[in-house]
Structures are given as C-alpha cells and as structure tokens.
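Participant: Chains G and R are the protein sequences, given in the same order. Numbering-wise, the first sequence is residues 1 to 156 according to the numbering used here. Numbering-wise, the second sequence is residues 1001 to 1327 according to the numbering used here.
Simulated from the structure, these hints should not be mistaken for laboratory data. Wrong hints could be hidden among the right ones.
[As the list claims (entries may be wrong)] Here are the in silico distance ranges between beta carbons for each label pair:
| hint | chain 1 | residue 1 | chain 2 | residue 2 | range |
| --- | --- | --- | --- | --- | --- |
| 1 | R | N1318 | G | N77 | 50 to 60 Å |
| 2 | R | S1120 | G | D140 | 49 to 59 Å |
| 3 | R | V1327 | G | K130 | 47 to 57 Å |
[To be verified] Calculated pairs, SDA-like style, for lysine to any residue (alpha carbon to alpha carbon, straight line, at most 25 Å):
| hint | chain 1 | residue 1 | chain 2 | residue 2 |
| --- | --- | --- | --- | --- |
| 4 | G | K138 | R | V1287 |
| 5 | G | K29 | G | I18 |
| 6 | G | K138 | R | S1199 |
| 7 | G | K138 | G | K152 |
Predicted model only: the values in this text are computed from it and were never measured. C-beta: ideal position from N, C-alpha, C; glycine also.
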Amino acid sequence: MEIKDLKALVKIITDTDITEFEMENAEEKIVIKRGPDKEYIHLAAPTNIMSSTPQAPAVATAPAAAPVAAPVAADDNYETIISPMVGTFYRKPSPEADYFASVGDVVEAGQTVCLVEAMKMFNEIEAEFKCKIIEIIKDDAAPIEFGEPLFKVERL
Amino acid sequence: MTSPTPREIILDLFSQAPDSFLSGGRLSTELGVSRTAVWKHISSLREAGYEIEAVPSRGYRLLQSPDTLRPEAIQAGLNCSRVASQVRCFDQTDSTNLQACRLGDAGEAEGLVVVADQQSAGKGRMGRQWISPPGVNLYASILLRPSIPPFDAPQLTFLSAVAVCRAIRHCTDLQATVKWPNDILLNGAKVAGLLNEMSSETDRVNYVVLGVGVNLNMTADLFPADLRYPATSLVLELGKPVSRLAFTRELLRQVDTLYQDFLANGHEPVMAAWSELCDLTGKSVSVDCNSQIIQGTMVGLNEDGALLVRTAAGKIENIYAGDVRPV
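Same shape as in the complex, but just chain G (with noise of 0.2 Å):
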C-alpha cells in the first residue's frame, strides 16, 4: 500500500469511532488500533517475505493465523524443537501471561520457549540453542504427542 492510501485510510478511521482495524490481503496485513491516550499503526508484509522487511519493535504481533502455505520446499535449513513427552502444549505460564516466544522473537540457548504438562508434571521446553522462531505448529492447549515437532527455528 501506498503511503499516501495508507494515510487517506487512517484519516477515514479517526473519523469514526472505530478503535481496531484490520486488513490482509496476499501481499500484506495492516493493523490500527486506536487507545484513548495514544495511537499506533502495525504493518507487516505475511511471514515468508518478512526477512526482506526490517523488523518493528513486536507491538502487535500478528496473531497466530492459520498457518498459511508456509515455503516448505525452502525449508531445510530449518530445524525442530520436538516435545520430550505426550502431554498438552502450553505458549505461555497461565492463561493471563504473555507467550514465552513468538514468530520472530530471537531466542537465546537455554530460554524456556514453551511448557508441556503430562499429569500436572509440567516441563519447561528450552531452546538447546541460539535461534529465532520461523513458526509455531502446534496451538496453544494443543494436545501433543511424544516426540512431536512443537516449533520450526532457525538456528543462529
């Protein structure tokens, strides 16, 4: 989108009462949210051509959509962080925290990047080494199995 389309739209929608807005289509996502003491606008080109677009500061990161038709055939330079046990796979501490990582985040050898819970036995997942998340398959709460690809990196 053009800079100038792009201002034209945010002018339509402070003109409303609208305080989110969100638009995607194949070659980009726009995000505006509206709060009552300050305003932001989140751009993001889709997540397999988002190397070439330098990264915001993670404001509003892009919910976990389906995942689209990610470039698998490009893909083998990607390595797995399987889960070590059949159980349930948690993103985040407690149901009112933030994710322990998200697509994009870097993240460093050692840092906890999700739980899974067998029978109230929760095991904090760590990446084994410096990396940052290329996607997360499972969903959070997802039942999972042992031995499961839980997240596709890219080591560093």
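Assemble the complex: chain G is given as a structure, and chain R must be docked to it using the hints.
Facilitator: Okay, now just chain R, sitting in the frame of chain G:
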C-alpha cells in the same frame, strides 16, 4: 551431604533417647566443645521454641519441641536413604517449587527438601495461586534426579500423591483418597495440592521438583471464598490440630520409600497403590481439558498414567491434562 550442625546433633541425641537426660559432659564430648558452648547451644534451641529442662548433676532433657519446621527437627533420626539428604527451611519464600528449581539449576544434589512456613506466591496449575498462610500448613518441595527419560517422569506425579495420602492415613484415621492425577480429597473436598516441575533435555531428566501443599491446621476463616473446588484441612476434618513436624517427617519417609521402589521396580507398584486409593473408578466424571469438556465413566489409568474415560458414545478417551470432577 553437609555435616550436621551442633543443634542437629543435640536434637538427634535427644530423639535417640526420648524422655531421658543427657549429661552436659556427654554432650560436650559428642559435640567436641566445652560445657559452656553446650549451654549456649541449648539456649539457642530454647530461643527457637524447644522446651528443655536442665537439672544439676543430671543434665538436659527435651520436654517439648515447637511445631516449627526446622531442618534439624525434620532430619533427626529420619533414616531416609535419599530424600531429605538436605533440608532448607524458609520463614517465608515466594514458592518452595521456585526455590527448589533454582537450587536444582544451581546443581544441588538429589533429596534436597525445601520447606516454607509461608509462601507469598504459592503456585497452582495454570498460574493459579495456592493459598499459603503462615504457621498452619505444610508447603514443601522435593528435588529428585532420577536417571529416566523425560516421558517417564510424569509417573512421579502418582508417587507424591500416594505419599501424601498415606501420610494422612498414617498420622490420622482419616480415609484420604486420590483424584486424578494428584489431588488429595477428604470427604470430597481438596486437602492437598501437588504440582511438579521438571527440567530436562530431549533424552534425560536434569531434575524433577515434587511440590506438595497440604492443608493441615488451616481453619475455615483462612480459606478464601472463591475457591474453584471445595477445600478442607486436617484440623477441620479431625477437630484437633496435627503436628506439622510429625506430618512432614512421615511424608518424607513415604516419599523416600516409594521413590526407592520406583527406582528399583518401575512405576507399576506406584500406579497400583494409586488405584487402590482412588474411589472414582467406575463413577461418572467430567474432565475440563481446557479446550473441551469430556464426560463419561472413569475406567482407570493407561500404562502412562493417563486417565481413561469412556464417553456416552462408547469411545475411550486418553486424557493427559485436565481438571476432573465427579458428577
């Protein structure tokens, strides 16, 4: 293992000869210090709440121990082979599980027990709070380092559940039961909560922390009004308080015995013991699995310890995480 402190040695000697006098001379030999130093240690024990009688020419006699949880009192004469090799007691901490995990990360040895009189951030499942007032209950976490793969570690959930249930039955005549996977119930109300955490690599366990919270002498006014599940305590069920120290010691002995059995014989004996303590088998249950609620009849456990529920459609569901309620 660290060497025992003079206070631990004195209490250990008292526990070996209950109700009898220990002469100042004997204590000074055992401790390798002067009689004046012995007297100082006795004074510090008195300050900590121990009632110690001193009779000239006979020596010292322990009349009563305080119901405070101190390492030397918990460990004296406990005779565990692995559990309670070290005990750390906090007057207050955020959460004994957090403390034990930190100590586990720092490389502390298997068997470490962390006990707190009070927790400011007692943890339940899913970030819920475990109400932890001072002076009345037991909040403890046990650090274990079993050489097992991570997928076998959830079996230890059943181990601590059986241990708590047995400790209650041993210290009182109350018929505590278990609810999958590790709630402990008295007359249908929750008396203990257990939460376990593990640090592992793909193929091996670094450590497991077994977190145990038992409502011992907590009175009705200390329970919040908005509990998710009906709760009770031993004092409410018994009508009289229980010794926190005696309960803690019994619990640690039970965990030690079961853990030895687990290491030697695998998880079948623990699962069998758990099944015997469960009275919901064959009953109707509703299981809240976060994303869905499964209703049906509890069939039992599968070999992993997952809960088996037969739904109305006749399908058997294997449940690995969820909140069970009888219906």
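Participant: When the structure is checked against the list of hints, which entries are broken? Sort them ascending.
Facilitator: 1 and 2
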